[in-house]
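S.K.: Residues per chain, in single letters:
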Amino acid sequence: MTLPYPPNTAVMNLPRRDAKDKLLGRTRYTVDESSHGMLHAAARRSETASGRIVKIDVTPALSMPGVKAIATREDAPGLHGIGIADHPLFAKDVVRYHGEPLAVVAATTLAQARAAAAAILVEIDPIAPILTMAEALAKDAPLIHPDWASYEILREGAARGGNIAWEATVVRGDTDAAFARDDVILVEGTYRVGRQSHVPFEPRAVVAAYEDGRFHIHTSTQVPWTVRHVTAKILGVPEAAVHVTVPAVGGGFGLKFDCSLEPFAAILARKTGRKVSLVNSRREEQMTCLSRENADILIRSAVTPEGDIVGREATVLMDCGAYGGEQVFLTTMTAHTLGGNYRLGSVKIASQAVYTNTPPNGAFRACNGVYNTFALECHTDEICKAIGMDPVAFRRRNVVGDGDIGATGQVFEGDVLGPMLDLAIDTYGPHERAKKGPDGRLYGRATTVGTWFIFVGPSSATVNLNVDGSATLVTSGVEIGSGTMVQSLPQIVAANLGIHPDAVIVKTADTDASGRDLGVGGGRTTVSIGAASQEACAEVRSKLLAVASQMLQTPQDDLVLAQGRVEIRDRPGSGTTIQTVIAQAELEHGPISGSGAFTAPGIPAMPGCAAGHFIDAIDIPVFAVHDCDVAVDPDTGKVEVLAYRVIQDVGRALNPRAIHGQIQGGVTQGIGYALHEEITINAEGAFDQTGFSSYRIPTALDTLPIDYHLYEGAPSCGPLGTKGAGEVPILNVGATIACAVANAIGTPVNALPLTAPRVLGLIDGLSSGVDLAHLSRHWHENTIAFSE
Amino acid sequence: MEIPQQSLISVTRVSQALDLLTRLGETATVMAGGTWVMREARERTFISLAEIPDLTDITLDDQVLVVGAMATHQDICNAVIGAPDLAALATAAGKSATPAIRRMATLGGNLCTRDFHSADLAPALLALNAKVTLETSSGRETLSLEDYLNTPVDRPHILHHVTVPRTSRRSAHVRLMQRQAGDYPLAVVSLSAAIHPDGTLHDLRIAVGSVEERARRWHALEALCDDQKMTSDSIRAHAAARASQDFVGRDAVDGQGWYRLRVLPALVAQAVSDISLTAQGA
Amino acid sequence: MVLTLMINGDPVPYHGDPRRSLLEVLRDDLHLTGAKDVCGEGFCGACIVQIDGVPKVSCLLPVGRLAGAEITTIEGVSNSETLTAVQKAFLEYDVVQCGMCFPGMVLSMTHFMAENPSPTRAELKSAMTGNICRCTGYERIIDALLSLGSNGLGPVEEVRP
Ligand SMILES: Cc1cc2nc3c(=O)[nH]c(=O)nc-3n(C[C@H](O)[C@H](O)[C@H](O)COP(=O)(O)OP(=O)(O)OC[C@H]3O[C@@H](n4cnc5c(N)ncnc54)[C@H](O)[C@@H]3O)c2cc1C
Ligand code: FES
Ligand code: FES
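Quick note, the sequences are listed as chains V, H and E, same order. Note that the first sequence ends on residue 788 in our numbering; no numbers are left out. Note that the second sequence ends on residue 1282 in our numbering; no numbers are left out. Note that the third sequence ends on residue 2161 in our numbering; no numbers are left out.
Treat the hints as calculated values from the structure; they're not laboratory data. Remember, it's a predicted structure, so these values are computed and weren't measured experimentally. Any given hint could turn out to be false.
Claimed, not checked - Not the full set, but computed from the structure, chain E residues with beta-carbon under 8 angstroms of chain H:
| no. | residue |
| --- | --- |
| 1 | M2001 |
| 2 | P2018 |
| 3 | F2043 |
| 4 | G2045 |
| 5 | A2085 |
| 6 | K2088 |
| 7 | A2127 |
| 8 | I2132 |
A virtual CB, placed ideally from N, CA and C, is assigned to each residue, including glycine.
Bound-form chain V, shown alone:
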């Protein structure tokens, strides 16, 4: 589509309009909601990771002071989930993880609610919990979901069974033949990553009311329409009976990409007829965080001495915890994050979501991508060592380019990664040998590549042109902190309508006012909502210009919208103000508005390659090249990142300064993931890290100014050629730091996070490595679909 306006009119460093109130402490997040008569709720959660529920007796709690209602499993019998409906709201007959909700209490004060929740009599017969994927996949392992076969299937086509909630596979070409060639070198790598907790500063929180037979859910979410759908499903009410509104969200990072506390509050609101607030305590938020999942990864490659990857087989086990959740969907991504970087002669990939008796996992910024990139790039460096090839040269030779095919056989468009790699080396210089510095520390560097994608899918937008010449943009977009709703979207609308972005009013998400939307995540907002907004603007323009054309006696094609005016092309001052045209339009037709919609264009994959996938091919790939220098202290194992550089494929940068903010923040989160943020699960099946004192997120001293280059011009179907820029900055941070550390210490790295003790273990040669004995080196034996 040709743009009706010069694209650079949409490009600017528009400051955020919500910053002032945030700086003044006036912004009211969901956790700040309060009103007269509002009740407070608290949950009673299981302190057993696995067991049969013998008794849940709420009678003593019900008569405690201030208690208004208690909800339990009887109030929400249904199951929900992604792909498969395996998840009850409250534990039903069995508990499957430490922290699983058993009951919620609404009371006049929070203290009363907590006291009553604690007074509920709970008796659980413990069953030995399965805490690791290795245990879950062991022969004769007890089933965490014995009824798995009877669950409602929400999406067909995946192999499932035993403790494997979902399996996605890719088979393209003949890897057996490739591995059997006598000219290839076989390289095998095993990798393991732990969980990462989002720690949004605003925990999951909701205020629910039941008014006029409908639920009003005011909540801290990234996905208002998912909340609407899931709440209705769980409560067994029509979706139309659920109304979701979302104020400013105090951080999400993917954690709030799912329905969470909302149905509990909704049930209590209906029971009491009062507003009910339910907010996770920090401890609950940590202990039940839908974390970035821990994963076990095996990659085997057959590589020629010249450096061609003729065959690759990979198995990725993703711990979904007690219920399938996001991981079911995320099994899809491995094909692209592990299989979409390099040209592969033949490839087999299995990606499985595995049940364990641990808290369910979820989505986290560049989900699945960060650890697959870590594993793949460590493996790539090990290949280079094995065949004696320079790591940058190897990557330059093999990265996907124009016309190359990805794992599932999709054809990539444009040379992007190659030139980005060249730019990195031209800008930052060739690699030098790793060395020991005069300070005794070990210095290393690495350059890595990564493939991510924009999670497109349905969005809608309405634009109302107001008599004062302002426009109101109505979407279900949520401002989670990334700035999209206050920067790129008003910039796009303003450029389309020839007005200033400040004259674009952005309605906060409200499912009663706006059309359906997949939610804010996957880097999709600028692209999907942006495209829908652009289409809505096109309708507004054509209505406006039709009237103006009559008024100015000029064909529509010769009219331009700029600075709040309709002008005759190349004759500034010749036209009239938009307000005048709107007034005329009202007389003739009524107020002007437009609506627009967008959905995934649907890039084809090679038929028959992929099974069990939610997306067979990626509509908008996003590429990243990262480069860093580290120094490792051999006495303590502490890693210092000395320089960090990002070359990011952004399509077109609408607000470069805002993208810089995302890069600085995303890389810093990645540094946390790479070095400090560790979750360990104890024998009770609970996280050891219950709050800020033990879960280590980076402080100001743990990061550095990130050098960055925004790579523009790669193909994208996004509006003005944009791609989302907020998610991808974290993609290769774990990979780059790990490769640089391996380079510095001269020992392969195969696990994250690289905490100081872990690095010291590697240096001392104490680390036993990651053997992944539960995975077969015969790829098909790891699968359900292909095992004989």
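With the hints as your guide, set chains H and E with the ligands onto chain V.
M.R.: Here is chains H and E with the ligands on its own, set in the frame of chain V:
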């Protein structure tokens, strides 16, 4: 004295605090800066020391440093910064925790919280040979900090002040965290030594914190260094040989025992080289 | 316990458990929700207020100890017409993201800048260690503060490397 029916009682004299502690027993706790009790002991009655005059006093002269129990980390850092013999204390008080916590947490809280294993002031003051003065119902007693830390005083008591002799020695405090800030230290080494005109270190006092439940002196290592010309390399070798004999590393969520022991030699060596550097500078 | 708190210049009577944290009282009783309850244990700084002009974490301050103290919350440092220099710099440099850490960040750094008018980058970072931010990665906040220093650059258009 009648016991006020309140959950936070501000006393103005130490004797009142002792009286209340004796009567209320386990149901009460002394509150100094509050940064521990507000996290750990909210159901108990707080006996606040904040209104007792003089407890925040710090006096520093050529002979002695006296620090009142209610002096905060920030107060201590401000008072001793630049004093070469007290460098370990300046670092411990000025670099631990976060700026806001340093304005709240006190000397008394740092030394008297027996459940807190990573205190920074404790090893620093051990290396500086500090004495503590306690108030108990049977009167005032002064004992070495080392004795105070080693042998729990079970009777109700208030730590009143700490006394540190001034010397021409040098000291250093090295703390290891996983991040650059915001963690409790995983291991701490505080060291003080006499420096001879030829630059060699003598008469070392070495204290180790956070490795075990309580900070303590590393006498075995000190003995090995006695009357030897110590360099950071030689002391590192001694420390490496002794660490696992002399300490049992504490396993906790923030770090495992083996790691705390493994890094000790490097921390000791770092402390020695820090001291040598300041000595050259001076 | 009955006492009077001085909050942003106004006397506010308090009747209740003196061990409750100032943070709870501000947020739950007085609906002053600018201070955020994030970690509840002193590490994050989102709840920071100034007590007699000095930043402290309100989650660990029992109200019973605050009679007679001047308590300044984010609501009391400015109004929208008169932003402080620190707030202005944060606005101009477009450093805010989700915003949850900023009330504490503003109160900490305003105090620090007043005491250290020409800080170095390293000094600013050390001063910020008790104000954790999960979104921004800090450095652009530091850039904004450096612009205020007497050797600061002054507000500049962002220069891209
Ligand atoms: C975020 C954070 C980070 C921290 N980091 C560090 C760090 O890196 N290094 C470090 O050393 N500390 C650190 N601390 C401080 C430490 O954890 C304790 O909180 C602090 O030392 C307690 O001091 P307080 O004055 O607040 O004690 P309070 O909480 O008031 O009291 C704690 C205990 O000490 C007893 N007590 C206090 N004063 C006396 C007295 N005069 N006589 C008898 N008993 C007394 C009380 O009975 C009580 O049991 C940190 C604290 C926080 C919150
Ligand atoms: S909430 Fe007080 S410091 Fe985090
Ligand atoms: S802006 Fe979100 S925590 Fe700082």
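S.K.: Hints first: check each against the structure and report whether it holds.
M.R.: Do the hints match the structure? See the list:
no. : hint  : in the structure
1   : M2001 : holds (6 angstroms)
2   : P2018 : holds (4 angstroms)
3   : F2043 : holds (6 angstroms)
4   : G2045 : holds (6 angstroms)
5   : A2085 : violated (20 angstroms)
6   : K2088 : violated (23 angstroms)
7   : A2127 : holds (6 angstroms)
8   : I2132 : holds (7 angstroms)
Checked against the numbered hints given earlier, this structure breaks hints 5 and 6; the rest are met.
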